[in-house]
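Using the sequences and the hints, build the whole thing.
Quick mapping for you: the protein sequence lines, in order, are chains Z and G. Numbered by our numbering, the letters in the first sequence go through residues 1 to 465 in order. Numbered by our numbering, the letters in the second sequence go through residues 466 to 810 in order.
Read the hints as simulated data drawn from the structure, not as lab findings. Honestly, I wouldn't trust all of these hints.
[Stated by the list, open to error] Here's a subset of chain G near chain Z, in silico, CB distances under 10 Å, partners left out: (1) Arg-498; (2) Tyr-501; (3) Thr-558; (4) Val-735; (5) Asn-738; (6) Glu-739; (7) Ala-762; (8) Ala-767.
[Stated by the list, open to error] In silico lysine to aspartate or glutamate, DMTMM-like type, Cα no more than 20 Å apart, as pairs: (9) Z:Lys-268 with G:Glu-739; (10) Z:Lys-267 with G:Glu-739; (11) Z:Lys-420 with Z:Glu-373; (12) G:Lys-597 with Z:Asp-248; (13) Z:Lys-420 with Z:Asp-145.
From the three backbone atoms N, C-alpha and C, an ideal C-beta is built for every residue, glycine too.
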Amino acid sequence: MSLDSAKSNLWLSLRRFFRREFLPVLTDLRLAIVLLLAIAVFSISGTVIEQGQSVPFYQANYPEEPALFGFLSWKVLLSLGLDHVYRTWWFLALLILFGSSLTACTFRRQLPALKWFARTWKFYKQPQQFRKFALSAEVDRTPLDNLVPFLEKRYQVFREGDALYASRGLVGRVGPIVVHASMILILVGAIWGALTGFMAQEMVASGESFKVQNIVDAGPWATPQIPQDWSVRVNRFWIDYTPTGGIDQFYSDLSVIDNQGQEVKHKKIFVNEPLRHRGVTFYQTDWGIAAIRIRLNKSPILQLPMARLNTNGQGRLWATWIPTKPDLSAGVSLVARDLQGMLLLYDTTGQLINTVRPGMAVEVNGVKLKIEEVVGSTGLQIKADPGIPFVYSGFGLLMLGVIMSYVSHSQVWALQKDGKLYIGGKTNRAHVAFEREFLTLLEQLGQKQIIEEHNSVQAIANQDA
Amino acid sequence: MNLVLLQNWLDNASFAILFMTMLLYWTGVAFPRMSYLPALGTAGMAIANLCIATLLGARWLEAGYFPISNLYESLFFLTWGITAVHLIAENNTRSRLVGVVTTPVAMGISAFAALTLPNDMQSAAPLVPALKSNWLMMHVSVMMISYAALMVGSLLAIAFLVVTRGQKVALQGSSVGTGGYRNNGYVLHKAGEVTPTEINLDNSVAAFQSNGSSTAVIEAVKTIQTPNPTHSEPLSPQRLSLADTLDNISYRVIGLGFPLLTIGIIAGAVWANEAWGSYWSWDPKETWALITWLVFAAYLHARITRGWQGRRPAILAATGFVVVWVCYLGVNLLGKGLHSYGWFF
Numbered sequence: 001m002s003l004d005s006a007k008s009n010l011w012l013s014l015r016r017f018f019r020r021e022f023l024p025v026l027t028d029l030r031l032a033i034v035l036l037l038a039i040a041v042f043s044i045s046g047t048v049i050e051q052g053q054s055v056p057f058y059q060a061n062y063p064e065e066p067a068l069f070g071f072l073s074w075k076v077l078l079s080l081g082l083d084h085v086y087r088t089w090w091f092l093a094l095l096i097l098f099g100s101s102l103t104a105c106t107f108r109r110q111l112p113a114l115k116w117f118a119r120t121w122k123f124y125k126q127p128q129q130f131r132k133f134a135l136s137a138e139v140d141r142t143p144l145d146n147l148v149p150f151l152e153k154r155y156q157v158f159r160e161g162d163a164l165y166a167s168r169g170l171v172g173r174v175g176p177i178v179v180h181a182s183m184i185l186i187l188v189g190a191i192w193g194a195l196t197g198f199m200a201q202e203m204v205a206s207g208e209s210f211k212v213q214n215i216v217d218a219g220p221w222a223t224p225q226i227p228q229d230w231s232v233r234v235n236r237f238w239i240d241y242t243p244t245g246g247i248d249q250f251y252s253d254l255s256v257i258d259n260q261g262q263e264v265k266h267k268k269i270f271v272n273e274p275l276r277h278r279g280v281t282f283y284q285t286d287w288g289i290a291a292i293r294i295r296l297n298k299s300p301i302l303q304l305p306m307a308r309l310n311t312n313g314q315g316r317l318w319a320t321w322i323p324t325k326p327d328l329s330a331g332v333s334l335v336a337r338d339l340q341g342m343l344l345l346y347d348t349t350g351q352l353i354n355t356v357r358p359g360m361a362v363e364v365n366g367v368k369l370k371i372e373e374v375v376g377s378t379g380l381q382i383k384a385d386p387g388i389p390f391v392y393s394g395f396g397l398l399m400l401g402v403i404m405s406y407v408s409h410s411q412v413w414a415l416q417k418d419g420k421l422y423i424g425g426k427t428n429r430a431h432v433a434f435e436r437e438f439l440t441l442l443e444q445l446g447q448k449q450i451i452e453e454h455n456s457v458q459a460i461a462n463q464d465a
Numbered sequence: 466m467n468l469v470l471l472q473n474w475l476d477n478a479s480f481a482i483l484f485m486t487m488l489l490y491w492t493g494v495a496f497p498r499m500s501y502l503p504a505l506g507t508a509g510m511a512i513a514n515l516c517i518a519t520l521l522g523a524r525w526l527e528a529g530y531f532p533i534s535n536l537y538e539s540l541f542f543l544t545w546g547i548t549a550v551h552l553i554a555e556n557n558t559r560s561r562l563v564g565v566v567t568t569p570v571a572m573g574i575s576a577f578a579a580l581t582l583p584n585d586m587q588s589a590a591p592l593v594p595a596l597k598s599n600w601l602m603m604h605v606s607v608m609m610i611s612y613a614a615l616m617v618g619s620l621l622a623i624a625f626l627v628v629t630r631g632q633k634v635a636l637q638g639s640s641v642g643t644g645g646y647r648n649n650g651y652v653l654h655k656a657g658e659v660t661p662t663e664i665n666l667d668n669s670v671a672a673f674q675s676n677g678s679s680t681a682v683i684e685a686v687k688t689i690q691t692p693n694p695t696h697s698e699p700l701s702p703q704r705l706s707l708a709d710t711l712d713n714i715s716y717r718v719i720g721l722g723f724p725l726l727t728i729g730i731i732a733g734a735v736w737a738n739e740a741w742g743s744y745w746s747w748d749p750k751e752t753w754a755l756i757t758w759l760v761f762a763a764y765l766h767a768r769i770t771r772g773w774q775g776r777r778p779a780i781l782a783a784t785g786f787v788v789v790w791v792c793y794l795g796v797n798l799l800g801k802g803l804h805s806y807g808w809f810f
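This is the structure:
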């Protein structure tokens, strides 16, 4: 035996294993159901256990003694990756298995179902064939032609001699195929986006320019997406407040600047209205206070940076220290909560000494302190996702597919033989509605027959007269 | 007219009407001979539907935005959805049983919203910046209607489980087209002769159908009797049993809710991507919407799986009722976020 033939034997047996053992398991509906439910169950864990917190957080909330449910201590929790369920290897493996099952089902079950459309219309030529339908009837003295007008309103009717076939709602058969194929498209788009996209966050003071640098998350092939030869300037950032003091909307006035310093694009963005340039999108997501502009007595305008205070999640505060003597031996601390409200002034012992609003002046330590402006900074989320076109077309097809899948495919067969009319019908989804429709059809047929017989009797009577 | 006063009047009125309607449907089941009761029930449901629509319309006028942004408004929108889906399902199937399961839930939700919710949670409040978008209307309304449809479908599945307890059932209706054929063992019989097989098909169901007229088409059967009654072995339609009817309405209503849920989730994903650049971020609400979607997808697949048919898919659908509620309200207990309606403890 040569090495080559051994290799090809191995290859053949692998292929046989794949086709005979692996594919049937992968396309098994029961596997699909189990996978759907398994993903559902494991997803629940990520909504119950806080995600992405620090180790001390889990140590405090999931102690070893007593462990939650007797086993869920912080050590178990972290080793299973329950602090980031949706990025653990086992959750991703589950998703990959689901994707494979979906793909296998689409190609082995869904697409082959299209053959159904290639076949010629099946006419039933024997009365016995109507016995298998739950909804079937035989009617005497009624010609096949009487049936056609009732069906033609809603059905596509085909005839072959004394046999009739009518169908309606064929899209209902195509729907599930579209659904499955579109879901593959969404998965492909999501994977492509994860490989080639990036996400960044920037906190920029009003008036400053920036290049996208603070990359938070990037795929292995993301480099071409990150803008190199252009930057963005925040012309102005401001907040509109409602009359009651709540935040109405955040605005950033942005300009895209090329390498020569020329403005190539200009847009005012706000939440729900981002700026797009060359596949990169800038979203308004956050805000802060960057600096304060003040005037001491008759000094020129001084700009002092503001720092965010650590409040342990109890609201957002920014503060700075303003010297009131040239040798910096005395001064006040200034604390701000937002861009328009009251600013608080504290002395060196921590006592609140005064409050001031932007645009107003106040006397501290014998010096006139005028607040010219509170300079805001805008929090921008910057993203490029080349997978979006795939994902969006998948979304579109999926919506179309699920709507198509609601339609019930109804079929009616009829045969005229030996003076009798045999009618049978079935539908794949809406059994209750179809039953009503079928019985109404029979009723109409009976009434028409009675009217026609009545008419013909009258006609004969008229002839006789 | 004072819009706030009108709203206060309408929310109590819709609760009262739904309560009466529930009593009408329940009495209708207990006394099947009183055939005007279900008709009154349908009227009650329609009036409640209009009351809630007016209530939400008044709120829209008052607040100036589509009224499903806090718990009170969304509860009433859900009730409106349930009454609407009820009317559709009842009209399609002519079954008085739909109301028996939908009215208690609709009544319960409106009672909770009108009577239990504290006043400050009932009043309209301005929208936060993130929600100021036309997507709000598109995403939230479709989601709420899908919840309503899925809830009604699950309730009917529970009713199916109650009716068929201790029996083996073959399902009618699925994407591949199971059902529609005569039962095995069904003997075509001569007209005027009652075969034992037909009677033992389902005793309780037959009894229900004969005196309760669970579907209005029963009268139609009489008129389509073959013209020649003496002819041997005439073919006549085999009617769906009560269990089949319930199961099929449940399947169709869930079949309506599932596309709506899909469209709602997609609308949310597109909105999220347009607003802050990520169409999926595994936030608890998103995740629970996905869980709901997965459970009902499993239900739809279970219906076409050999060996899983019968009561098992209905059990899945009944589980879906709990899942939809967790997705709609339970998630609020898990944390704050854009999807939070606020809570009162």
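Do the hints match the structure? See the list:
| no. | hint | verdict |
| --- | --- | --- |
| 1 | Arg-498 | 23 Å, violated |
| 2 | Tyr-501 | 22 Å, violated |
| 3 | Thr-558 | 5 Å, holds |
| 4 | Val-735 | 7 Å, holds |
| 5 | Asn-738 | 7 Å, holds |
| 6 | Glu-739 | 7 Å, holds |
| 7 | Ala-762 | 5 Å, holds |
| 8 | Ala-767 | 6 Å, holds |
| 9 | Z:Lys-268 with G:Glu-739 | 15 Å, holds |
| 10 | Z:Lys-267 with G:Glu-739 | 16 Å, holds |
| 11 | Z:Lys-420 with Z:Glu-373 | 94 Å, violated |
| 12 | G:Lys-597 with Z:Asp-248 | 9 Å, holds |
| 13 | Z:Lys-420 with Z:Asp-145 | 13 Å, holds |
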